[in-house]
Each structure stands twice: as C-alpha cells, then as structure tokens.
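Undergrad: Spelled out, the chains give:
There are 2 protein chains.
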Amino acid sequence: MHGAILYLLLGQSVPLGFFPGGAEKELEAERLLLSIPSAEGFGAHLLYLTEEPHPAGSKRNMELADYVRERFLEYGLEDVHFHDTPALYSYGREASVDILEPVELSLKLKEDRNPEDKDSYRYSNSGVVPYHEYAASGEVEAQVVYANGGSPEDFAKLREMGVDLRGKIVLMRYSNPYSYRGYKVHLAETSGASAAIIYSDPADDGYARGETYPQGPWGPPSHIQWGSIVYDWLGYGTIPFTFHWKQNPDGSWVEGPERDRQLPRIPSIPMSHEDASEILSRLAGPAVPREWQGALPFTYHVGPGPVTVRLRVKNEDQIGLMRNVIGKIEGSEEPEKWIVVGNHRDAWSHGAVDPSSGTAALLETARALGAAVKQGFRPRRTIVFANWDAEEDLLGGSTSWAVELREKLRRDGVLYVNLDSAASGPNFSGSATPALADYLRDVSRYVPHPSAPTFYDAWRSKTPASEPEVGTIVGATDYTAFQENIGMSVIDLSSNGPYGVYHSQYDNYFWMSRIADPGFLQNAALSRFLAVLLYRSANVELLPMRYSAYARAILAHLDEVEKKAAPAREIHLTSARDAARRWEQKALALEARMWERELSREGAARFNALLMEVERALTEDRGLKSRPFFKHLIYAPQPTYRDEVLPRIWEAIDAGAWEEIEGYERELVTAFEKAGSLLDEAAAVLDTL
Amino acid sequence: MHGAILYLLLGQSVPLGFFPGGAEKELEAERLLLSIPSAEGFGAHLLYLTEEPHPAGSKRNMELADYVRERFLEYGLEDVHFHDTPALYSYGREASVDILEPVELSLKLKEDRNPEDKDSYRYSNSGVVPYHEYAASGEVEAQVVYANGGSPEDFAKLREMGVDLRGKIVLMRYSNPYSYRGYKVHLAETSGASAAIIYSDPADDGYARGETYPQGPWGPPSHIQWGSIVYDWLGYGTIPFTFHWKQNPDGSWVEGPERDRQLPRIPSIPMSHEDASEILSRLAGPAVPREWQGALPFTYHVGPGPVTVRLRVKNEDQIGLMRNVIGKIEGSEEPEKWIVVGNHRDAWSHGAVDPSSGTAALLETARALGAAVKQGFRPRRTIVFANWDAEEDLLGGSTSWAVELREKLRRDGVLYVNLDSAASGPNFSGSATPALADYLRDVSRYVPHPSAPTFYDAWRSKTPASEPEVGTIVGATDYTAFQENIGMSVIDLSSNGPYGVYHSQYDNYFWMSRIADPGFLQNAALSRFLAVLLYRSANVELLPMRYSAYARAILAHLDEVEKKAAPAREIHLTSARDAARRWEQKALALEARMWERELSREGAARFNALLMEVERALTEDRGLKSRPFFKHLIYAPQPTYRDEVLPRIWEAIDAGAWEEIEGYERELVTAFEKAGSLLDEAAAVLDTL
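In order, the protein sequence lines correspond to chains A and B. Each number in my numbering comes from the position in the first sequence (counting from 1) with 589 added on. Each number in my numbering comes from the position in the second sequence (counting from 1) with 589 added on.
A portion of the hints provided could be inaccurate.
Remember, identical chains collapse to one label, so a pair may be satisfied in a single copy or spanning two.
Stated by the list, open to error - List time: in silico DSBU-like cross-link candidates among lysine-lysine, alpha-carbon distance up to 35 Å:
#, residue 1, residue 2
1, Lys648, Lys697
2, Lys835, Lys917
3, Lys614, Lys697
4, Lys997, Lys1152
5, Lys1214, Lys648
6, Lys917, Lys1152
7, Lys917, Lys746
8, Lys1263, Lys699
9, Lys903, Lys1263
10, Lys1051, Lys963
11, Lys1051, Lys1153
12, Lys1152, Lys1051
13, Lys917, Lys997
14, Lys997, Lys1263
15, Lys835, Lys963
16, Lys707, Lys1263
17, Lys903, Lys835
18, Lys746, Lys997
19, Lys963, Lys1152
20, Lys648, Lys1152
21, Lys1153, Lys614
Treat the hints as calculated values from the structure; they're not laboratory data.
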C-alpha cells in the first residue's frame, strides 16, 4: 500500500515532499517553528526599522544594515556578512511647480502633517522634496496635456486624437491602467514632451476607494508616491550599476561624457491629487474618453493648455553603496544546496509596509529558524537569508548578488523565496513557478491564519475558484534575476489589504499599527508561514515540483500568444503544444509513482538534481533579443511590468517579425523535450531502486 | 427561378416583404417619402412643443394637443380626434429639505439659471418645486442612510450589514445599477423607511461622464431628475386610472377612503448632486462597498446619520384628463388592418428630447405620408397615428386606448411602432419583436444616415457583432400594453447620445439645438426612417415576420432561466426546448419558400392573418399571477423594469415555487405547438396556389 495513503488512513496527512516516515519529525519541527514568531517581536523590529526614512545609500539605511546583521548574529545565523556593490543613486534636491496661466499659483509639493503621527512631519525639513529618481534636472515652461495612465494605449489614443506632445508637459495618473512609472516617462520623452508629472488619482488610491489616512488605509489628498523611473528595460541587469560613471584610480567617481540611455532625459516629478487638481481642473481642449476620467470633481480635459506650468527639478546623482546583508543556516546533509530567501531594506520614506514589514518578518523568521537549530532541528539543505538593498532604485542588490553567484545558483539553487513587504492586510496572496503551485497550497494548509483556520482557508475564500489561485512570477521585484537570469524556481508571498499610501510618508508605523494591522496579527502570521515554508523547503525528501502543472500552464500560454497574434495573423504553435503535452504526460506518470517507495539518500539527491534541472531547461543563454538579461523561455515582464508569456514569440508578434516565430517554437520544442528527458532520467532513478 | 434572386441578378435588391413586381412601386413611394421630412420642419415643431413645460393635465399640454390635432388635419390625416380618459395626477406644491445636524443648512432644490437659455428660468416661479409624482405628502425628521442605487441587491446588502432602515430617510442614486425609481421608493417604504430621496450622481450622468450643460450634454451640478414613482406593478393596467377616486353624479371627483396600494405611503423627492453632496459628505458609519462609491469628491459612507434631515413634501392629487390625439391614413386594400405608431406628448418640463423630439418626428412623418397619399401613394393597410398622454405618470394614454380597443387590435393590429423621443444623438438603436429583427435591419438599409451611408451602416458600426444588434421589447414606455396585453408585434426606434439632462429643465430647445443635434440632422433622419418604416409596413405583400428567429431567441431564453435557477435548483426545460426547435424548423421551411411565387390578394391576406396570429399565440388570458395585465408568455418587465424572460417560470424561480414550473413549461409547449401549426396552415395556403 502506498505509504502516504496508509498515513492518511491513520488520520494524518503527509506534507507534500515527504514520505510518511520523515513527515513526523518534520511536523514536530514545524510545530516548534510556529510557536516562535510573535507580534511583539515583529512590532519591535518594525518600530526600529521605520523610525526614520531610509532610502538606499542613506546613512540610516546603513545603520539598518547593522541592525539586520546584529540580529542575524544574535539569532545564530552563520557566515553573516555584507555584500557591497557601488551603484548610481539620484536624490531630489529642489523641486517646484508653478501654474503661470490661467492663474498664478505655486503648488505645495508637500504631504500634510498629522499631529497624531510623528512620522508625518517629513516635509518640515525644507530640504525634502518629492522626486522621481533618475529624472533629469531642468526647468521647463510649457502647456500641459493630460495622458491618463501614460500606457502605450493612452499615448496611441492621443496620437489618434491629433494631440501634439512636442514641448508639452505630460500629466499622467499612476494607476489607470497599471504601467510602470518609468515607462510612462519614457513614452512621454519619446513623444517629444519636455517634462512629465505623475499624480495619484483618488479613483485609484484615494477617497473613491474608501476611508483615507488617518481614518483609513487610502491615500489622503496630499499624499505623494515617490519612485524610481530608471529605463531599466533598455539595459536590464547591466553590471555594474554605476552606468556612465567611472572610477578614478583614487577611488573617486566621475560622470562620463554621455548620460546612460537607461536614465531619463526629461524632468519628471510625482504629485498629490490635491496639487494635480489645480492643473487638471483648468485644462481645456476635448473632454477625455470616459475611461480616462478619474474621481476629481470635474470633467477631465486633454488640453493642451490653457494651463501653462513652470516645472523645475534638481536631482543630484552620486555613486553610493548597495549593501546586502547575508546570513545562512548551514544544511546538515546537502549544505551545498541552497534555499534563498530575500526582502529588500531600502525604503522611499519610512516604509512600514514596503519594505520594512518584510524585513521584520524575515528577522522573526530567522529568529525562529535559529532557535530550531539550537533545539536540534537543523534542516537538510542550507537556507540563505538576504536583506537586499536598492530594490526601489534598480533592483540592484538582489541582481548584483545573483549575477555574481550565477554559476553557484544555477548548479545548487533549489528555490528563491521572495518577499517585498509582508502584510498590509489580511488577504494572503501566493505566487509560484507553476510547478510549485500545489506545494505552496499544501504548505498553506499547515499554518494557522488570524481570520480563518489556516492560510489555505483564508486564501481560498478570496478566490472564485475552488482552489486558491497561485499567482504568476512576473513583475518588478527582487525575484527577477533569480527567475529570469538564473532559471531558479521562485515563490513570492504577501498578504494584502487596502493600501493607498504606497511610497508616501504615510506608509509608516502609525498607518500599519493603527489602521492596517493592529496588533500585527497578520504580519506575525506571515512570519510563521515563511518559517514553515523555508524549513520545509530545505528539508523535503523529494523536491515537490509538479511539472505536469507547468506544462499545463504553458499550454494555456500557447493559447494566449496565438490569440494575441490573431488580429494580425493566425499562428498555430502545434509542435510546441504537442511537445508540452508529451512533457505533461511524462510528468504525470512520474508524479503518480515517485512516492511509492523511499529512495536511498544518494538516489533522492540524484532525483532532486534532475528535477531542479528542469527549470533550468526552460532558459537559454542568448536571452531576449531586446533584453539579453532575460533568459527564461516562458516568462518575462514587459517594460510596463505587465505579464509577458513565451516572451520571444510575444515580442516577435509585437514587432511583426513573423518569420522568427518558427525558430522560437523550435526552441520551445527542444526545451520541452529536454524537460521530458530529464523526467525520464528521474524515472530511471526510481527504477534502479 | 426565385423572383427575388432574379431581381438581385439585375443589380437591385428587393425589400423584405415584397415580391420583385411590387418592389419597384414601393421604392418609388419611399424615395418620395425620404424627400419630405426636413430639419426645418422638425425644428419648427420642436420649438413650439418645447416653448413651455407641459406635464400631463396641464393647460399647456392641452394646447399642444390642439397643435398636434391641427397638424394632423393640415397634413390630410383622416378620422382625426381626441381620445380622452380621466386619470389621477399629482403635482408638487411645496418641498423643503433642511439639514438639522451636524450643521444647519437648507438645501436649494432648484436648478440654476443660464442667461443664454431662456428655458432655464423655470424655478424663478417660486411655485415650482421638484417632485416625485404620487409621493405621499408629509414631514419627516430623521437620520439619513445611503442605499446606493436602491435596487433589491442594495437593500439586501444593507440588511447584511445590519443597517436598520426603520424610521430613516433613505438617500439613493438614480442609476447605479438601473432600477425603476418607483421600485426604489417601494423598497425603502417596505424596509420601514420614513422617506426617500433620489439624486443624480455625477458618476452616472454628470461631470464624470463628460462636458456638462451648457458646455456639453451631461447634467450640471444643480440638475434634478423629476419622475413618477407610481407602484404600477401592484396593479398594472388597472382601468380606470383614477385609482381610489370616485366620480359623483355631478361629475366631480372625490378621494375614496383608502389610498390605492399603487400609490406610495411615504414622502419622496428628487435631488441634484449639488444638494445631495451636502448630506452625503457628512454621513458617517461604515465606508460604502466600492461599487457604491460615486464621483463626488469624498469617501461615501452608509450612515445612519449623524446627518439629520427634515424633509417636507406637499403634493396635490387631482383628477384630470389624459388626451390622446389620434389620426389615420386609411388603407387602400386592407383598411381594417392597422399599423399603429405612437409617441407621448406630456413632458416633465420642456422635454426637448423626452418626448417632444418624438412628437415632432411623428408630425414630420405624418406630413410626409399625407403628402404621399396626395400624390397617389396610399398604403395598402391603415396607419394609425397616436400622440399619447400621461406616459410619464402611468403609461396612461396608450394603455387606456389599447385596452379600450383590445378586441380590434387582437384581430387587426399588425404592428405597433413606438417612439419615446426621437434623437438625442447619432447612435441609432432599434428594438423589435424577435420575428421582426431581420425586417428592421432590412429597412435600415434603405434610409440615408447623416454620418454613414445608411442607418444600417451607422447602426452596425456601434455594435460589436457583425450585424446590427436589435434590442428586446421590454421596458417602461408606451409599447407595454401592445406587447404585454394585446400580443402585437412591436418595433421601437430611437437615436441616442450622451444625455445627462433627462427629466430636468435642461432637456430643452437650447440643449437640443446647440449641443445634442445642431441643425436637427439626426432628428430629421429619424423622421425619414419612421416614414419609410410605416409606409413599408403598411404596404408589404407578405408580412415580414421570421419566426425562426423568434424560436431561436426563445431557445436562448430557456438557457437563461435554467441558469437563473441553477444556484438554487437544476431545472431542465427539455420539452419546451424541443417544441421551440420544432417550431423553428417549420418556420425555416416556410421562410425558404414563401417568396417563391406571388399569391393572390386573398391568399396573401389569409397567409398574413396566420402570421399575425403567431404572436397572439404567445399570450394567454390569465396573465401573470402577480400582474394579470401581463399576458405575454415570453417577455415582461420586472418591477424594476429590467428584462424578464419567460416571466411565469422566472417568477416561479424567484418565489421558489418549483412545483409550478412544470405547468408553465406545458403552457409554453402548447403555445409553440400552436405557433407551429399556424405556420403549417400558412404553408398550406402556399400549397393551394
């Protein structure tokens, strides 16, 4: 009788990844792990981490690196060290926006103070101005055009309406529809605009969504979303991150003659809706298409003008350090095999959600795992803790580390677990490489949730499907290098709620402790989830990848790109589809029998190495034509950071390069056949026992 | 060879309804008809009709009846006469709304003046107050609760939230989601509320939609939507329309002891968003569910309170006359067969769109048809022109006329063509009994459109489907009695655009002539369409009903009600579906051969009578359990005026009366079999030739 079934008959469940024999000890360790991360512990970390603003390169962020390092040491982590790399930073020094026509009016460019909240006084320091990192410095006097969300479709619409953007200042919303802010500015720049403004419309994150700070979680009228606008897709993953700056023999840095093309050439500034409405309410020209209308109390118009604005930005570029803090729990049996977990530390302001909740959760998790080791529960594989730097600026810390360790990670990287914040609310959201979706769901059954028996229950209650929906790993966060460049399996965790203060000074301790997660129940629970996930992943006997699910996801993606092509041309990716189906069949056969009998330690190691290799088989070395850093065949973010699947074919469709598709399809067939033959080898390992 | 095909080979098309031989003369007449209705003629009618407000029962509306009668006579219509019936009207005499807490503030309850627009001074007469017709008079002082669109789902949500409405004033939006205003007030009343307010949110018809009056077509901050709130579904079609008022032998009317249950028992008032925001912005309690948020610049809250309001309404009930104006163009060959066309005359205010554009179009059409008759083109069947009264109050004029002539119409009523306004913009919208969908599309190919070669092209460009989408005949307008009680085939025409001034004083000549239809191009074109449609319908050799399309529509409706039932119980309407399919097959067979050979005059008359009978077969005499006036088996409006299909089964599902469904299905089977055997008889007519 199948051991797992026997175990179930006894009224217990066997966690995915274990034979019944190993499950008991695992669950004992996990019970211990669940008892350690606490709301008090989390809150103490959060309070310290959010005491002051701490952008990358700031003195405070270096102090916080010391704090993280000291905690890692205190909790018993091994090989604790800094990983330092130079990078170009850009800081806002001066900014002003004055309306010159049809009225004279200087905009505030400040977030309001709330006497109850000591962290809302940031702008009392007159040196603090809102800014878009890497925006060009300059002064522009021009009429304004409203361009909705600044997405490619929005700019296309403006062209269709005959609106000439040359020399204009383009005013855009942050989130309608979602598009990376840097890509908005890029589109404005390449349309000939002289400057950009991006504001937070109350329809997207303000009063139209619900109660606003300090009564509720949404953004108050003066809140401003800071952010980087680096044109990263033009040179993604370029190492070093110092761009056109060169180091002198004496160690000093000087700016090279030509500004790197990843850096905007026009000024840009973020803005509150309180300020933006002074401009927007005075625009004339045609009324906007209906979906461009936001929640400000007037009909929006496209312009240009009659509003004329003088916008002045002075950003200062300088080279600084990116300081990752690294620590490990060495594995007992396969120390060379790594489970990496990371969250960034740098924040635009106080960053209670983004990212300090993640750092605090990481520390609570480290505390739990360190304690477990002391009590004799050392995991089989090594867990590497990483506290990244400069995520906000350019995903710099994680990328530089991953690229530096590329060969090691391709050989031994089992899994990268990412956080980019822990909990801003009670709605758990888990994303994973498709092969790990079932595993992530399974882990979620073992962790209690504050508002449902388990994370699984809470998660399922938020999705219309009968099973919790596992998200896709595509976006702009620290997992990018791990999936896209290394080809590692990835899991990403977060717990979400209404969150309208993103990248503003109101994302702070007051907001988190009074509004979003009073008592830190959600964040403490997420720390527990993370502890169990890491320990279990470092301990599984056979890796829990189910590649049949990956193949099925790919079959759906093949449909997607065929549909994407359809308006222009009918394409039929039949041979890729057939290859994916053959791979799926092999995976299903393997998954049906891999738990039948326990393997020897050597057999399991060989089996696991083959499963790891399958994800690597879904990469190829050349990388995307437009972005060689992106070597994954199945997923990539678009420059807007929207999802892109089967990116080579996707981009060929966009470029109308129909003749390339056949070659890309062959590349997929080869990859799926490689993946299938790796599973054949794994099956052979089972047979030899 | 099929005559029609021969005709096509000659490069001409044969209008649906004619043999090639008859087509030529028809098209000659239609060319003449197309040349007559003019923008100037339309504009002159509209100017006169909109000179003053003219609600039903007002002196001005009686003067307009004279105007219509005189034009009918002038244009050569026959048997021109008034059709008078007494009805209960209710007029607003006094109204005030004062906020008592947390501030003291008296609301304006007036629409703003615009010096450019002489028709915007209505409220300069202090006797004019906005009102909901038939609302109870009374004074209420209570806290306010916001109930979104006041739909059944919204009240259910409030119950779920634990909000007690007893004694409260319920503030509701007009259009989110759409629900008949009278049903909103009814739900408030039956929830124990003491009064109702319904306001126009700018998200629905104001600045969030686009430019507002006087710059554009949407509603300005002070605009108020007047309207009737009669609980008509509680006694639909009750004749007389005097409710509990009784006539003395001397002819005077007195109110009976008990207020009719179709009349609300609580006060209610319509309101601008300018006024409503004074209340809404001060409500506390939980923030609203996201879809309840409108476009006013603050987070909406449910209440109750702390806003306390004193609302005072004094409406005066009195019996007045409903005066329909009727005129005819007598048919040359089948004078007993009637094509009826109607549009109402009464307006809440000046009513440029609703309804005067329709009356003006009807007059231009009458002028064209009268002129055609004088030039020798008298149609085969009789065209009856009707200018209804009291549509706004209780669909009174059309209903009383139809019910009075019920036997005549059931025997001889070929088609009812409805207008409820002509054009508020360029987007043509045609609705029809499913059997007439193809016919309506076909007619639209023959009429030029101002912004596309033909109405067909303009219509198709606005629908995602490859063919223009023909709407369903369900709603609250003058066609109700004709379809629901008589069982006549119906066509409804309108041409639409952004229209945010519905039922306000701004629906006036200024708005129409400057903003919505400058030059009256759209309205003149619609008059031409109507002229062609009426003449052709009165002249077709074989009636153009295609019952195969009706059967297919019913098959889709069977799916709909099965799906509606599904959450509670699985039902399978297999025998109804089979019967509908058999009917469809018979219809398809008939439609394939009916144009093969011309019929004798007598044969055609017999054939046509049978086709007319099919629509009648889709009614039964008992009527709906809840509303016996509704005798149609396929369509009915819900009390909210949303669509209801297969209404007997629909309402049994709602009531959980599962045991009734089998009987209703048998009733459908019988009807479809009757419909099929009528087609058999029609086929036999073809065979005897």
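Undergrad: Does each hint hold? Answer for all of them.
TA: Quick rundown of the hints versus the structure:
{"no.": "1", "hint": "Lys648 - Lys697", "in the structure": "within (28 Å within a copy, 58 Å between copies)"}
{"no.": "2", "hint": "Lys835 - Lys917", "in the structure": "within (34 Å within a copy, 93 Å between copies)"}
{"no.": "3", "hint": "Lys614 - Lys697", "in the structure": "neither (60 Å within a copy, 75 Å between copies)"}
{"no.": "4", "hint": "Lys997 - Lys1152", "in the structure": "neither (39 Å within a copy, 56 Å between copies)"}
{"no.": "5", "hint": "Lys1214 - Lys648", "in the structure": "neither (39 Å within a copy, 78 Å between copies)"}
{"no.": "6", "hint": "Lys917 - Lys1152", "in the structure": "neither (46 Å within a copy, 56 Å between copies)"}
{"no.": "7", "hint": "Lys917 - Lys746", "in the structure": "neither (52 Å within a copy, 52 Å between copies)"}
{"no.": "8", "hint": "Lys1263 - Lys699", "in the structure": "neither (56 Å within a copy, 76 Å between copies)"}
{"no.": "9", "hint": "Lys903 - Lys1263", "in the structure": "neither (53 Å within a copy, 83 Å between copies)"}
{"no.": "10", "hint": "Lys1051 - Lys963", "in the structure": "neither (38 Å within a copy, 71 Å between copies)"}
{"no.": "11", "hint": "Lys1051 - Lys1153", "in the structure": "both (29 Å within a copy, 24 Å between copies)"}
{"no.": "12", "hint": "Lys1152 - Lys1051", "in the structure": "both (29 Å within a copy, 24 Å between copies)"}
{"no.": "13", "hint": "Lys917 - Lys997", "in the structure": "within (15 Å within a copy, 93 Å between copies)"}
{"no.": "14", "hint": "Lys997 - Lys1263", "in the structure": "within (21 Å within a copy, 80 Å between copies)"}
{"no.": "15", "hint": "Lys835 - Lys963", "in the structure": "neither (47 Å within a copy, 94 Å between copies)"}
{"no.": "16", "hint": "Lys707 - Lys1263", "in the structure": "neither (58 Å within a copy, 80 Å between copies)"}
{"no.": "17", "hint": "Lys903 - Lys835", "in the structure": "within (22 Å within a copy, 83 Å between copies)"}
{"no.": "18", "hint": "Lys746 - Lys997", "in the structure": "neither (47 Å within a copy, 56 Å between copies)"}
{"no.": "19", "hint": "Lys963 - Lys1152", "in the structure": "neither (55 Å within a copy, 59 Å between copies)"}
{"no.": "20", "hint": "Lys648 - Lys1152", "in the structure": "neither (51 Å within a copy, 63 Å between copies)"}
{"no.": "21", "hint": "Lys1153 - Lys614", "in the structure": "neither (49 Å within a copy, 51 Å between copies)"}
When held up to the earlier numbered hints, the structure conflicts with 3, 4, 5, 6, 7, 8, 9, 10, 15, 16, 18, 19, 20, 21 and fits the remainder.
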